[in-house]
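Here is how the chains run, residue by residue.
Protein chains: 2
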Amino acid sequence: MARFVVIGQTATASADFSLEDLAGSSGRLDVLLRCVRAALLYSHGVRRDVTVYLVLLAGPDAPRTLRFDGASAKYVRPDERPLATLAKKALGAERPVGARGFVERRHGIAVADGGLDAVVADLGPGRAFLLDESGDDIRGIADADLAGDPVFFIGDHLGVSASMRDRVLALGGRSIAVGPESLHSDDVVTLVTNELDRRRPRGAPAAGL
Amino acid sequence: MARFVVIGQTATASADFSLEDLAGSSGRLDVLLRCVRAALLYSHGVRRDVTVYLVLLAGPDAPRTLRFDGASAKYVRPDERPLATLAKKALGAERPVGARGFVERRHGIAVADGGLDAVVADLGPGRAFLLDESGDDIRGIADADLAGDPVFFIGDHLGVSASMRDRVLALGGRSIAVGPESLHSDDVVTLVTNELDRRRPRGAPAAGL
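Sequences listed follow chains F and Y, in order.
Numbered per my numbering, the first sequence spans residues 1 to 209.
Numbered per my numbering, the second sequence spans residues 210 to 418.
Possibly wrong hints are sitting among the right ones.
Only pairs whose alpha carbons sit at most 30 Å apart, straight line, appear in this in silico DSSO-like list of lysine-lysine [to be verified]:
(1) F:Lys-74 x F:Lys-88
(2) F:Lys-89 x F:Lys-74
(3) Y:Lys-283 x F:Lys-89
(4) Y:Lys-298 x F:Lys-88
(5) Y:Lys-297 x Y:Lys-283
(6) Y:Lys-298 x Y:Lys-283
(7) F:Lys-88 x Y:Lys-297
Rather than coming from a laboratory, the hints here were simulated on the basis of the structure.
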């Protein structure tokens, strides 16, 4: 199972953004939502073996984290507005008293209080990678290193902050790059996903089955 | 210069779609607009050496084609709603009497009557490729074949129709694939763009400069 963790430095952790001006009113939550499409959806439906975490570090309710699980996700569409509507409903739901960790709000969509700490507590074992233009080319990473349950940490439109970089590297994360240019976060997800698709043994069950 | 031609079999050629229900009201024009983001935008701005054609084959005004030129594009944002607003304005503008071919409507955004014929008349020379899951892996295509002004023809959420496939192959197009899975059109654009980025000689001007 692949996990993607997208760190939204300016993305709101509250539901009070406008669907009519998503980018302008949500601290660029749109950047993170496009990563959900890139990670979870392909032509045949939902990639059941992928989980995406959106770490929301801005606004009065921050930090909070949205988790989209491919295994149980329903109603995830590729276009931004319905994705934003799902996020808005999940973030707006009242949290049960005494709840700990991730609480499921919709099919396959859960919310936790906390940022990277909450994600790390939820992840379990798996090799960590930090997507970074100056890292090693992903095409040169050994199959064995990308196998299993890798976790990919990805920045937003501002990149990855120095403190976040230190934390991911302290988890044993390795810096990897997907190409020579600095790309949008969702393009990075697409390129990592393609590399994983290509490494999957022929005859292995397709990701969506 | 790279050119992408995305063929929208159900995408409306009229401006009468709703921004509140883009996917449902436009015949999945959202699929095509996401390709514009993937082709034209990266972290440093607009890729000036890329042109995208959206072939709109549905609705009473069809066929028509939208052209987005990276060289002169302004106000192209990554989120869907503003991209849809640009498309709506361009499609809604009255066509000058006697105009032929592509007519610019906004900075870098032009409209032509006609579908693939209008695109082919506009393209000029360049090697054609048809993106197709059963094609040759793009990673194995020679640098010389991808150099110059390649044109990549890509299907929509329904794929590429048999008649469209025959037309592209009749142009001398070669079938190529970007990986083992069937992907969304914008992911295909991202993967082709990454391959071109990787083939660009080191020290060559970055795409956006």
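Verification of the supplied hints:
Our distance criterion of 30 Å between C-alpha atoms is met by F:Lys-74 and F:Lys-88, whose separation comes to about 16 Å. Restraint check for F:Lys-89 and F:Lys-74: satisfied, since their Cα atoms lie roughly 14 Å apart, inside the 30 Å limit. Distance check on the hinted pair: Y:Lys-283 and F:Lys-89 sit about 34 Å apart at the alpha-carbon level, beyond 30 Å; violated. Between Y:Lys-298 and F:Lys-88 the CA atoms are separated by roughly 29 Å; this keeps the pair inside 30 Å, and the hint holds.
Pair hint Y:Lys-297 plus Y:Lys-283 holds up; C-alpha atoms about 16 Å apart against a cutoff of 30 Å. Between Y:Lys-298 and Y:Lys-283, the direct Cα distance comes to roughly 14 Å. Compliance with the 30 Å bound is thereby established for this hinted pair. At roughly 26 Å between alpha-carbon atoms, F:Lys-88 and Y:Lys-297 fall within 30 Å of each other, so this suggested pair holds.
This entry does not satisfy hint 3, going by the numbered hints stated previously; all others are met.
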